[in-house]
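S.K.: Chains as they are written, first to last, in the UniProt record's numbering: chain A, 1 to 98; chain B, 1 to 125; chain C, 1 to 202.
These are computed hints drawn from the structure, not numbers from a lab. We treat Cβ as the ideally placed atom computed from N, Cα and C, and that holds for glycine. Certain hints may be false.
Stated by the list, open to error - If you want the footprint, here are the derived chain B segments under chain C, 3+ residues with CB under 8 Å: (1) 6-16; (2) 22-31; (3) 60-70; (4) 84-91; (5) 107-114.
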Amino acid sequence: MSAVAVIVTVLLAAAGGLTLTRIIRGPSILDRAVATDVLLAVIVAAIATEAAYSRDATALPVLVVLAVLGFVGSVSVARFAARRNDTSTSATSDGSRR
Amino acid sequence: MSLDVAVDVAASICLIAGALLSLAAGIALVRFPDLLTRMHAAAKPQVLGLLLVLVGCALRLRTGVDITTLVLVGAFSLATAPVAAHMVGRAAYPHEDIRTDLLVTDELAAHLDRVAEEREHSAAA
Amino acid sequence: MRSDPPTQPTDPARPPLSRTARRRNQVVAVTALVAVWVLLWGTLSWANIIGGLVVAAVLLAVFPLPPVTFAGRVRPLPLLRFWLHFLRDLVVASAQVAWLAVRVGPTPRSAIIAARLRVNTDLNLTLTAEALSLLPGSLILEADRRTGTLYIHVLGVTSRDEVERFRRGVLELEARIIEAIGSPEELRRVRETPADREGVPA
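Assemble the whole structure, with the sequences as input and the hints as a guide.
M.R.: Given below as structure tokens:
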């Protein structure tokens, strides 16, 4: 089981690193929101793997909170970006798309 | 091979597959050309990857209380991920940099043009 | 582009709910909320169930849900078939997107496709959109409630043929959902218009 833990850790660390480069490079705020969502998924996988490795369920409530919070985060960023776009462009079609 | 070992092996396979999907999503995030294609990459660890990791975790923990919590995590994620994706996609579509040269067809642009036309029409009347 | 579909755009059916339908919606919502509450605590006890009932009552009073018209009934076997098919699609699509990410070659092309559903109810539109956006490789950009049309961004499409094939796939997914939970009338409409004849935007 510890070999599995090492493999999963390496894979998740690489995934997290690649995701971080996308968060840093952007270019738009929505790109960063999507990448942050993926980073959150990687973190959830890491916590769940830790719980599976040590057979210890202490961290499981954290997963429930993360599953809900990630959603709130990216929805609010999307709303913010949509409203900013509405005011900055002439908004030909957006009024009817709400 | 006892049942215990078999279940542990299954759990390991699930965990590694989930981690591989996360890695593929990371690679895709860096390599894909625009926001919408990157969102496809994001859906992968959020749905199948997450389910695999949760199944792996449940196979290791094997107690009722923990499994109910894991079921809840899965249900919440599956219910909320499409909403978030739809909000982001909708905020992105006409404004952000979409590589239209890579699109085979764009049937939404025609729809938005039609909606704008109808609005102008009703405003003029 | 092909010719217009035979049916005119119609508003989703939204008849005023009868008292029994509203009561049934409330019972379903309370049951679901209590189930979540009990799962959160992890143990089935009277204290948890009563606490869950109190929380559910407060939630429903403070955040009332928009009415959902559910005219059909649940058919277990087609529902199981839908889930199995969905899981298979999930695995296949994840593998495809992962392969697109790691392969060496040109940047993948994509398409934005309009798929017009045959049954234009809020529930069907929502469920089909949910299922589609859970699958990697397809992403809902816009849903037109008036005509019941979904605008879907699809990854890894290279030709018009594949566009049409994907549109058929969406309608087959819709048919599986209707088979599982649709009303007899909706089921008849889906069976009358096979997937290869519909789905072109008006």
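S.K.: Mind taking a look at whether chain C covers the segment 22-31 of chain B? Criterion is 3 or more residues with CB to CB distance under 8 Å.
M.R.: Held - the segment 22-31 of chain B has 5 residues with a Cβ nearer than 8 Å to chain C, which meets the minimum of three.
S.K.: Does the segment 84-91 of chain B contain three or more residues whose Cβ lies closer than 8 Å to a Cβ of chain C?
M.R.: holds (count 4)
S.K.: Given as covered by chain C, does the segment 107-114 of chain B meet the bar of three residues or more with CB within less than 8 Å?
M.R.: holds (count 5)
S.K.: If you look at each residue in the segment 6-16 of chain B, do at least three have a Cβ nearer than 8 Å to any Cβ of chain C?
M.R.: violated (count 0)
S.K.: Against chain C, does the segment 60-70 of chain B show at least 3 residues with beta-carbon separation below 8 Å?
M.R.: With 5 residues in contact (Cβ-Cβ under 8 Å with chain C), the coverage given for the segment 60-70 of chain B holds.
Violated hints amount to a single one, hint 1; each of the other numbered hints is respected by the structure.
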